[in-house]
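Novice: So the sequences go chain by chain: L and B. By full-length UniProt numbering, the letter at position 260 of the first sequence is numbered 260, and the numbering carries on one by one without gaps. By full-length UniProt numbering, the letter at position 131 of the second sequence is numbered 131, and the numbering carries on one by one without gaps.
If you are wondering where the hints come from, they were derived from the structure by calculation, not from laboratory data. Heads up, some of the hints might be wrong.
[As the list claims (entries may be wrong)] One-sided and incomplete, this derived list gives chain L residues near chain B with beta-carbon spacing under 7 Å:
#1 Glu275
#2 Val276
#3 Leu288
#4 Ala299
#5 Ser306
#6 Gln309
Glycine included, each C-beta is placed from N, C-alpha and C at the ideal position.
The residues making up each chain are set out below.
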Amino acid sequence: MTPEEIRGRVEEFLAEHPVATTEPNAFLHARYQAGLAWVAFPEGEGGLGVSRALQPLVNDLFEAAGAPDNNPRRNGIGLGMAAPTILAYGTPEQRSRFLEPLWCGEEIWCQLFSEPGAGSDLAGLATRAVLDGDEWVVNGQKVWTSGAHNADFAILVARTDPDVPKHRGLTYFLCDMHDPGVEVRPLRQITGEAEFNEVFLTDVRIPDAHRLGAVGQGWEVANATLNNERVAIGGAAMPREGGLLGVVAESWRTHPENHTPELRDRLLRLWVESEVARLTGARLRQKLAVGQPGPEGSAMKLTFASINQRLTGLDLELRGEEGLRYEDGDGWAMVRPEHVDFAGRDAVYRYLRAKGNSIEGGTSEILRNIVAERVLGLPGEHRVDKDVAWKEIPR
Amino acid sequence: MSGLEVELLDNELDADLRATVRSFLSERCDPTQVVKAYDGDSSLTPVLWKGLAAELGLAGLLVPESYGGAGASAREAAVVLEELGRSVAPVPFLTSAVVATSVLLAAPTEKGVELLGGLAAGERTAALVVPLTATTAQPLEPGETTVRSVAGALEADTLLVPVATPAGVEVRAVSADQATITPVSSLDMTRQLADVRLDPAAGEVVVAADHGADGVRSGLLAGAALMASEQVGVAQWCLTTTVDYLKVRRQFGRIVGGYQALKHRLADLYTSVEGAGAAARYAAGALALGDPEETEIATHVAAAYCGDLAVTAAEEAVQLHGGIGMTWEHPAHLYLKRAKADQIAYGLPGLHRDRLGALVDI
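The shape of chain L in the complex, shown without the other chains (with noise of 0.2 Å):
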């Protein structure tokens, strides 16, 4: 399709529902059953099975319409992850369950996969799910779970045969988070906020037609989200000077008082690594356009952490005795937010939450390995923990 065909559609569309008089939610659905929300996926499942590279036009058609949005900030791990991988591992009767109210925003999305002793090594988690009847029970207790306060559905990895070793005995699910079995307890951070949580399921019960994908295949499904996990973290599309590079350039800016030769080097540095980055990301967009999210996703995010970081902690410096005040919102109180948002708050919430971006979603470290092994193809780390069954694994 071409984009002046994706733009007629759009144009058809919005004729059809204006949106000055279509209750906003409505809108929303009569977009995605228009094929108009994620143009890539099939058609029927809201998309017109289209080149990915359409999307942004699309976006742009119904921003510029002034048309409601699906608060895809609020839902980012909805969209950016389970969305895909329900897509690529569901039945079609998944599909239609999940997708719609997913994209429409009626159901938030969190990720149940890290554990207090399976971080990196996911693959050796041990939250148990063992079936019973039609439903699979589940215990144990998971991490670093960004908004699981206001999530509906979680997706989730569990272990459902530990006599074998570890990355053969899991088990992916879609897991609701109202059960009575799932207590979420906020988990503060550094910044002073609770974005994160730690979730406790105790005989969670789920549904063996909520299992995406095999038994015993989770650990092939929880790649896939983590690839596009990836690309979604260090992918998005951007302007030049978007992102953070825009808001430590405005602090540059604002502050000529402060300004020496050292400072402006260091900044043009993270200006020309900043728009290098933005360059690899659209060229990883082109390459996406025709495949998959490979492991080349990996290294975007490790550049996007180092560069956030960099970037927040010379803002600081750049505002002088301003950078040692934490003052918006309620300074160190602890809050809930309503979505991750890097570049929200104050100089000082910047700096400190851009720590987690070199740990968030696969630390650098890991990331180094897996640019290393399957984009390079060096020798996989030495593992002793590989063939052994998971109960036997010391711990």
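Could you slot chain B onto chain L? The hints should help.
Specialist: Just chain B, lined up with the frame of chain L:
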């Protein structure tokens, strides 16, 4: 200031061009031949250059068909330069087919058009008489004078000389026969420098005084923009060769590429090389689209980033090869020397950052 839409991957034609140049160079540009330039034997250069310029017709890529060229663009030249960098090919493509050609294209006189035809056909080779470090026209006063550290002069039959006149800077073409060209023992002997002594009055005007300064400036900017692609080629060779070596080298009973200290360095290098590839291709794309402000921004970004990156890649290649990386026998040093010389050519990375800052209000 939102940037242009540029195709950042090879299209089918780019891929064909790349394959052609790569197969030509793999047959005729062996590192064991290239290294001889450091021992006083530069006989590879004319053979290679004739093949690339005339047989493959690459010298005329930037020249419009109306002047007898191929009517291609900076995009295609970037593909060629990536491959030339990957082979550290000792040919005057950048100095003649990019820099000198771009100077002339600004506003050629009748004589300039004639010269462009000769350059495009691969019959003539030109060099701009400025130090390789130049980023702006450094016009000569009339009368005999010497310009140090000129790149491409040794291979050129025609020297383009910026000359100060009361009306502005004009560019004159002086036959190499009328100049004294003294070879310099250079850091990078695959792009050997020369000191050039000449009298500009001996030449013919090829760009008139009202356009000369702009012509020289745009030639040097095109040089910096497209040298970034050469630097990408250098860096890609260094990365690939180092990765391949670390997959076979064993110490302590293990493939050394399995050690995390080395894997992480290579992962970082890969990440930077990918970025350099995107930045260089974008600069070439902006140049091809002819948007002056965007070309300057994109060039400064690519030059600042790729200049340092190629050096890092070459230094990592030497280090991670261990002792063999220090030897004359291993080609890594050819890439280190090219990378370091390129970093200093057409403006240091810090100069490009400074100019970028002026353009983006920082």
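Novice: It remains to establish, for every hint, whether it holds in the given structure.
Specialist: Hint-by-hint comparison with the structure:
1. Glu275: Glutamate 275 of chain L check passes; min Cβ-Cβ to chain B is 5 Å, inside 7 Å.
2. Val276: holds, 4 Å
3. Leu288: violated, 11 Å
4. Ala299: holds, 4 Å
5. Ser306: Check failed: Cβ of serine 306 of chain L comes no nearer than 9 Å to chain B, outside 7 Å.
6. Gln309: Constraint on glutamine 309 of chain L not satisfied, violated at 15 Å.
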